[in-house]
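*Asks:* One-letter residues, chain by chain:
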Amino acid sequence: MNILEVKNVSKHFPIKRGLFRKSSETVQAVRNVSFRIGNGESYGVVGESGSGKTTLARVVLRLIDPTAGDILFEGVNLAQLASEPLRQLRRDMQMIFQDPHSSLNPRKKILQSVGEPLVIHEGMRGNAMNRRVRELLEVVGLKKEHMYRFPHELSGGQKQRVGIARALALNPKMLILDEPTSALDVSVQALTLNFLETLQEKFSLTYMFISHNLAVIRYVCARVAVMYLGRIVEEAAVDTLFDTPAHPYTKSLLSAVPLPESQQKDEELLLEGDIPSPLNIPPGCCFHTRCPEKVGDICHQVDPETIRLSPTHTTACHRYTDR
Amino acid sequence: MNRNATILQIENLGIHFDTFEGTARVLDGVSLELERGDTLGVVGETGCGKSITSKAVLGLLPVPPTKIVSGRILFQGEDLLQKSEKAIGDIRGTRIAMIFQDPMTYLNPVFSIEKQMVDVIVRHSRQRDKPITRKQAGIRAVELLDAVQIPSPATRIKEYPHEFSGGMRQRVLIAMALSGNPELLIADEPTTALDVTIQAQILRLLKDLVKRFNLSILLISHDLGVVAKLCRRIAVMYAGNVVETATIAQVFDQPAHPYTRGLLKSIPRLSRRIDPLVGINGSIPSFIEPPKGCRFHPRCGHAMDICRKEKPLLEETGPGHRTACFLYESSWPNRSDESQRKEN
Chain X
166 MNILEVKNVS KHFPIKRGLF RKSSETVQAV RNVSFRIGNG ESYGVVGESG
216 SGKTTLARVV LRLIDPTAGD ILFEGVNLAQ LASEPLRQLR RDMQMIFQDP
266 HSSLNPRKKI LQSVGEPLVI HEGMRGNAMN RRVRELLEVV GLKKEHMYRF
316 PHELSGGQKQ RVGIARALAL NPKMLILDEP TSALDVSVQA LTLNFLETLQ
366 EKFSLTYMFI SHNLAVIRYV CARVAVMYLG RIVEEAAVDT LFDTPAHPYT
416 KSLLSAVPLP ESQQKDEELL LEGDIPSPLN IPPGCCFHTR CPEKVGDICH
466 QVDPETIRLS PTHTTACHRY TDR
Chain V
5 MNRNATILQI ENLGIHFDTF EGTARVLDGV SLELERGDTL GVVGETGCGK
55 SITSKAVLGL LPVPPTKIVS GRILFQGEDL LQKSEKAIGD IRGTRIAMIF
105 QDPMTYLNPV FSIEKQMVDV IVRHSRQRDK PITRKQAGIR AVELLDAVQI
155 PSPATRIKEY PHEFSGGMRQ RVLIAMALSG NPELLIADEP TTALDVTIQA
205 QILRLLKDLV KRFNLSILLI SHDLGVVAKL CRRIAVMYAG NVVETATIAQ
255 VFDQPAHPYT RGLLKSIPRL SRRIDPLVGI NGSIPSFIEP PKGCRFHPRC
305 GHAMDICRKE KPLLEETGPG HRTACFLYES SWPNRSDESQ RKEN
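As given, the protein sequences belong to chains X and V, one line each in that order.
Residue numbering for the first sequence is 166 to 488, as defined by the numbering used here.
Residue numbering for the second sequence is 5 to 348, as defined by the numbering used here.
For the record, the hints were derived by calculation from the structure and aren't laboratory data.
Incorrect hints may have been included.
Subject to a maximum C-alpha distance of 25 Å in a straight line, what follows is the list of computed DMTMM-like cross-link-like pairs (lysine to aspartate or glutamate) [said to hold, decoys possible]:
1) V:269 to V:227
2) X:430 to V:319
3) X:367 to V:279
4) V:269 to X:439
5) V:215 to X:264
6) X:416 to V:42
7) V:296 to V:279
8) V:269 to X:362
9) X:416 to V:227
10) V:71 to V:118
11) X:430 to V:309
12) V:211 to X:439
13) V:162 to X:426
14) X:430 to V:82
15) V:211 to X:433
16) X:430 to V:193
17) V:211 to X:437
18) V:269 to X:343
19) V:269 to X:366
20) V:215 to X:343
As the structure is a prediction and not an experimental result, all values here were calculated from the model.
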């Protein structure tokens, strides 16, 4: 049973320039992306900056409208939904942001921050709200005295837990986590990742986990999509993707990660050049400008289709077209 | 030339900041040693004092609020802390160069790369008493951009910082750092703002430059992977102390300090899904009222009575491997005391 199904979603941002704000160019942030997330699954999205992973998360929540495509959440198409039913549906999908500090209002006590969704969606007030906030803080491992503190009185890890408590307030079915541990130190990151895992079991949550950190994705997720310039270039079960990557970009990405180990890799696949601008996506395969394994002219001319290598492994690369 | 091969030696460096709430004891007797041509990585989490240490070397800490309360920073045998502002200024950028985390902050957006590089090169040539003309400096600038592998440097040098990508900007800053022919390069999180594929390019470049220019590098990073890639030795800092220092292999394969062990067990691995990550409970202590004794004891699973009372010394626990922890006898402040205690 899939909780989320994203079909051929694209998001383009027009750039408006000049006196009459004519749109001259478009940033193609997300290009024709499709994936499904099963109920209770942890689905990872990795990519470098500008790959469109955060835009994808925002489109999935319909915080921004997609340019094209459908987003089915439990069979309901969010892309077509009117604002009131969408507001109701948002209770089931919540987002956790990268920077726990800027996602909390510095003038509000933790009680108010965590209680806000309860006020808005459930009309809770007073003692009932206090009790529920206390429960939520307990779930995320904070104490009741934290309720009356301000964000600046908490550490980074504690603030991230407040963000999680707030996201849990309405008993969501799915959490979209956008780089949830990138602002934390590794010792705190480890605790947070473990905590997210227990939380998932306890409340049978579905995670869409966005990160640039491949090792974190490997630790948390069951299936992974790799994005490059707005496209999913490869998708597979986590072990398949990390142990036998198919797409040349995935291979180079894995090879580029410096390992905290005494034995260093001798051979590394070093990518030349920079990521092209999403304003000006190369024709053909978007990766051909940096690809070390080009098969020929076709890479410059034709954007590769997504090919199924196995029931759970897909990639968009001409190397596999003939199979 | 110096008799010993040590290029930088920091001894018992203590730094306090005067703050509104009291005196923050941010460095509590830091000792580090870097040999000529060697690469030392200083790692630690937020607030451990790694950047403060590197800034102290270059005299970049504002006084006040900074107070240097103890220690020496010996650069080729000369104590940098005793030098005048002018003398430090002549060393900074020429004999010791620095690159930082965010390359855009250190480039002026309204001047071309050429103008900025030529300014720097001309100044460095004066500091070295070998002044050159702006024209000569321009030629040198193109050479340097070529050395950091910027394609078609002669045309790109006319461009402005916004026309360069993040990785290219960092290359420009590395070129500027090299322009003074430094003996020591301090790199403070040089790749943290970059994507992983670009980070790999910059690390490869730094590695090549170490060989080519016989550089010594002091690398500051929170990423143990980056340090393992570039450095031969490593120093682990926690709350203003160096808690362990050894070669990369020693630290990764036989970590001695409980903090180092906790850190290594906190890092998710790419190669395999290891046992559950452990993490370290608690958070870094206040610097205004740091814990007595070993500053790690409130978070340490092995804390003993003495850890709460006395500060462990950074002493040899293996060949070339130094650790500041009472789990190892050599760290005890006074060994005769300890034997008495055992008898009691």
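*Asks:* Run every hint past the structure and note whether it holds.
*Replies:* Hints, verified against the model:
Between residue 269 of chain V and residue 227 of chain V the CA atoms are separated by roughly 14 Å; this keeps the pair inside 25 Å, and the hint holds. Our distance criterion of 25 Å between C-alpha atoms is broken by residue 430 of chain X and residue 319 of chain V, whose separation comes to about 32 Å. Distance restraint check for residue 367 of chain X and residue 279 of chain V: the Cα-Cα separation of roughly 20 Å lies within the 25 Å cut-off, and the hinted pair is therefore satisfied. Using a Cα cut-off of 25 Å, the hinted pair residue 269 of chain V and residue 439 of chain X is violated, with the two alpha carbons roughly 33 Å apart.
A distance of roughly 39 Å separates the Cα atoms of residue 215 of chain V and residue 264 of chain X; the hinted pair therefore is violated under the 25 Å criterion. Distance restraint check for residue 416 of chain X and residue 42 of chain V: the Cα-Cα separation of roughly 31 Å exceeds the 25 Å cut-off, and the hinted pair is therefore not satisfied. Restraint check for residue 296 of chain V and residue 279 of chain V: not satisfied, since their Cα atoms lie roughly 34 Å apart, outside the 25 Å limit. With a C-alpha separation of about 17 Å, the suggested pair residue 269 of chain V and residue 362 of chain X falls inside the 25 Å cut-off, and the hint holds.
Distance check on the hinted pair: residue 416 of chain X and residue 227 of chain V sit about 21 Å apart at the alpha-carbon level, within 25 Å; holds. A C-alpha spacing of about 38 Å is found between residue 71 of chain V and residue 118 of chain V, which places the hinted pair above 25 Å, so the restraint is violated. Restraint check for residue 430 of chain X and residue 309 of chain V: not satisfied, since their Cα atoms lie roughly 43 Å apart, outside the 25 Å limit. About 20 Å separates the Cα atoms of residue 211 of chain V and residue 439 of chain X, which keeps this hinted pair within 25 Å; it holds.
Restraint check: the Cα-Cα separation between residue 162 of chain V and residue 426 of chain X comes to about 41 Å, which exceeds 25 Å; the hinted pair is violated. Using a Cα cut-off of 25 Å, the hinted pair residue 430 of chain X and residue 82 of chain V is violated, with the two alpha carbons roughly 39 Å apart. For the hint linking residue 211 of chain V to residue 433 of chain X, the alpha-carbon distance of about 14 Å falls within 25 Å, and the restraint holds. For the hint pairing residue 430 of chain X with residue 193 of chain V, the CA-to-CA distance comes to about 22 Å; that is within 25 Å, so the pair holds.
Straight-line distance between C-alpha atoms of residue 211 of chain V and residue 437 of chain X comes to about 17 Å, which keeps the hinted pair within the 25 Å bound. In summary, the hint linking residue 269 of chain V to residue 343 of chain X is supported, as the alpha carbons are separated by about 24 Å, within the 25 Å threshold. Taking the CA atoms of residue 269 of chain V and residue 366 of chain X, the gap is about 23 Å. The hint holds against a cut of 25 Å. Restraint check for residue 215 of chain V and residue 343 of chain X: the C-alpha separation of about 40 Å exceeds 25 Å, so the hint is violated.
In this structure, the earlier hints numbered 2, 4, 5, 6, 7, 10, 11, 13, 14 and 20 are contradicted, and the remaining ones agree with it.
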